[in-house]
Amino acid sequence: MGALTIANVRKTFGQVQILKGIDIDIEAGEFLILVGPSGCGKSTLLNIIAGLELPTEGSVSVGERDITYAAPKDRDIAMVFQSYALYPNMNVAQNIAFGLEMRKVPKEKRDEAVQRVAKMLQITQLLDRKPGQLSGGQRQRVAMGRALARDPKLFLFDEPLSNLDAKLRVEMRAEIKLLHQRTKTTTVYVTHDQVEAMTLGDRIAVMNGGVVEQFGTPDDIYARPATKFVAEFIGSPAMNMLPAVRAGAGVTANGVELPTTAAQREALAGNKAAKLTYGMRPEAAQLSSDGLAGTLRFTEPTGPETYATVETPVGLLTLRVPGYMTAKVGDAVHVKWNAEATHLFDGDTGKRIG
Amino acid sequence: MNRPPSSLTWHRIVLWTALGLFAAWFLTPLYVMVVTSLKDMDQIRNGNLLSLPGSLNFASWSKAWSQACTGTDCGGLKPYFMNSVMMVIPAVAISTTLGIVNGYVLSKWRFRGSEVMFAMLLFGVFMPMQVVLLPMSQILGYFGIASSIVGLVVMHVLAGIPSTTLFFRNYYIGLPDELIKAAMLDGAGFWRILWRVVLPLSTPILVVTLIWQFTNIWNDFLYGIVFSGADSKPVTAGLNNLANTTSSVKEYNVDMAAALIAALPTLFVYVVAGKYFVRGLTAGAVKG
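Residue numbers (our numbering), protein chains in the order written: chain U, 1 to 354; chain E, 1001 to 1288.
These are calculated hints, taken from the structure and not from any lab test.
Certain hints may be false.
Some chain U residues well away from chain E (every beta-carbon gap over 12 angstroms; in silico) [to be verified]:
id : residue
1  : A78
2  : K119
3  : L178
4  : L179
5  : H192
6  : V211
7  : D220
8  : D290
9  : E300
10 : P301
11 : G303
12 : K328
13 : H334
14 : G354
Distance windows between CB atoms, simulated [said to hold, decoys possible]:
id : chain 1 : residue 1 : chain 2 : residue 2 : range
15 : U       : D25       : E       : W1195     : 37 to 45 angstroms
16 : U       : T302      : E       : L1015     : 54 to 62 angstroms
17 : U       : L54       : E       : W1195     : 19 to 27 angstroms
18 : E       : G1174     : U       : P301      : 42 to 50 angstroms
19 : E       : G1189     : U       : R65       : 19 to 27 angstroms
20 : E       : W1109     : U       : T302      : 47 to 55 angstroms
21 : E       : N1170     : U       : Q17       : 27 to 35 angstroms
22 : E       : W1109     : U       : P37       : 47 to 55 angstroms
23 : E       : R1112     : U       : P301      : 50 to 58 angstroms
24 : E       : R1110     : U       : Q17       : 20 to 28 angstroms
25 : E       : R1110     : U       : T302      : 20 to 28 angstroms
26 : U       : N254      : E       : R1110     : 49 to 57 angstroms
27 : U       : V170      : E       : W1195     : 34 to 42 angstroms
28 : U       : N163      : E       : A1024     : 46 to 54 angstroms
No residue lacks a Cβ here, since even glycine has one placed at the ideal position from N, Cα and C.
Please work from the sequences and hints to get the whole structure.
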């Protein structure tokens, strides 16, 4: 039994099924990411862990203790909200100490905790300010401080970075990671941002339509996506997806034979899928002198690399090309990629074949 | 960026003139009341309605306060005024407190049927209160509190709950739900959250509600005459009696002074808290 166990959690609102049986189990000190598009049920699941909503079915345990129906305050859980939810009428120190005060911690201990947390987050000089006088990043820190002060069993984050500008978001992301490395508190972090998911998580649960599509380490999720949805959701630009069919032991798209590995051909032989989807990550392909011929349609330079979109007989392919591209739009180019870097999915169910 | 206009332009002059005229139009009755209350009867009979009093003479004020006849008693407005004070303080306090709790529940602790309940409460805001006079007098009589200040307080509390609930509920809708959730996770319960988190953010709407309730209850005449006994009449009923008591001469100065005495508390409240009133009415969501 791990630090947090979610077993067969279902949630229905009237006729609508929000969560359709979620099973997740993580070890103490792990950083779990719940990632998925809006409406996938990730925030509902977080609220169920926090006790702000109750599941229709299933159970949630922290350690050995079943907390499915425990009141939020009895769960030893702290949460950082998207809007930070700092109490506007209290100053920073009071905000941080409020949870301790409600738990009847004596004044000296509270002050001690406030000082400790403020030092850790470098907000000591802000302790007398009201939340209204703080910038977005500072509020974010105070919200984390409020959660840290109680030294909870479980940390919950509900899209904490989505209200920050791009630069601050990257900074705070690094801080959250550092903070977790120092405190080693088991954490559940909800986001819709796949970069946050990949950079922060020890384990990632990719959710879609109320189910966990894949639960694994960032490397698993990226290198061996279990479904077409996961493959497309994680990675930017998104994985190239080509509708394909079997041709002998291999695979073709629009009559063009696509590179496959021996393992993929073997997996294909043991599978009955009629329609296939052939996936290839943009960074797996290069422009080359031979390979699949095509025309460069447009380019998106980002500085360190350029996203090139090439029209080929099998469809539009996006490539990540290092550095600045010399080829011009309209030029005839060739695209080449390794069979090792490709993924085969069942075209109907979206399940991974190999 | 925001520079004051360098000179008076013609449309400014038009605007100020129009505003001045409107203000004069609405303030004239008050002016007439004040000057008349300070004149003696000879001056009133011989002078012009708008003319200033010859000297400051507060005799009619003290007469209206403690000697004027209201019916057969000649104790002035004072006992009625005191009745109103005894009525308005508990009535405002209780109806506002209940409005706070109701609004808090209906916005942040919704339960099955709470929306229906709120919709039904809204009926109370728009219902003409004459409808409840007869049944209410029966009920007050049944509980033995008809014709008493307690009965009036109960009546005003009941009549006030719909509006106070509406005010607070609509204000609390604008408070982020996450604040409540954060407080729940911090370990605060229903009352602690209300007291420590929600109430400190309620000042604007609290002022609005207090003014609203105070004005309505203080100025009420209908319940004041229907549900009060001989010694529990509020100041509005007293004023009516005073002005309608006929003696040999109609003492306009005393009537005016009495009317001003009856209106002073509400005037005072507006002057003191008026800016909060406008601010509270226009305040939207509270930014965290």
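The hints, checked one at a time:
no.	hint	verdict
1	A78	6 angstroms, violated
2	K119	21 angstroms, holds
3	L178	24 angstroms, holds
4	L179	19 angstroms, holds
5	H192	17 angstroms, holds
6	V211	25 angstroms, holds
7	D220	32 angstroms, holds
8	D290	57 angstroms, holds
9	E300	37 angstroms, holds
10	P301	39 angstroms, holds
11	G303	36 angstroms, holds
12	K328	48 angstroms, holds
13	H334	53 angstroms, holds
14	G354	44 angstroms, holds
15	U:D25 <-> E:W1195: 37 to 45 angstroms	40 angstroms, holds
16	U:T302 <-> E:L1015: 54 to 62 angstroms	57 angstroms, holds
17	U:L54 <-> E:W1195: 19 to 27 angstroms	26 angstroms, holds
18	E:G1174 <-> U:P301: 42 to 50 angstroms	45 angstroms, holds
19	E:G1189 <-> U:R65: 19 to 27 angstroms	21 angstroms, holds
20	E:W1109 <-> U:T302: 47 to 55 angstroms	49 angstroms, holds
21	E:N1170 <-> U:Q17: 27 to 35 angstroms	33 angstroms, holds
22	E:W1109 <-> U:P37: 47 to 55 angstroms	31 angstroms, violated
23	E:R1112 <-> U:P301: 50 to 58 angstroms	57 angstroms, holds
24	E:R1110 <-> U:Q17: 20 to 28 angstroms	22 angstroms, holds
25	E:R1110 <-> U:T302: 20 to 28 angstroms	47 angstroms, violated
26	U:N254 <-> E:R1110: 49 to 57 angstroms	56 angstroms, holds
27	U:V170 <-> E:W1195: 34 to 42 angstroms	40 angstroms, holds
28	U:N163 <-> E:A1024: 46 to 54 angstroms	52 angstroms, holds
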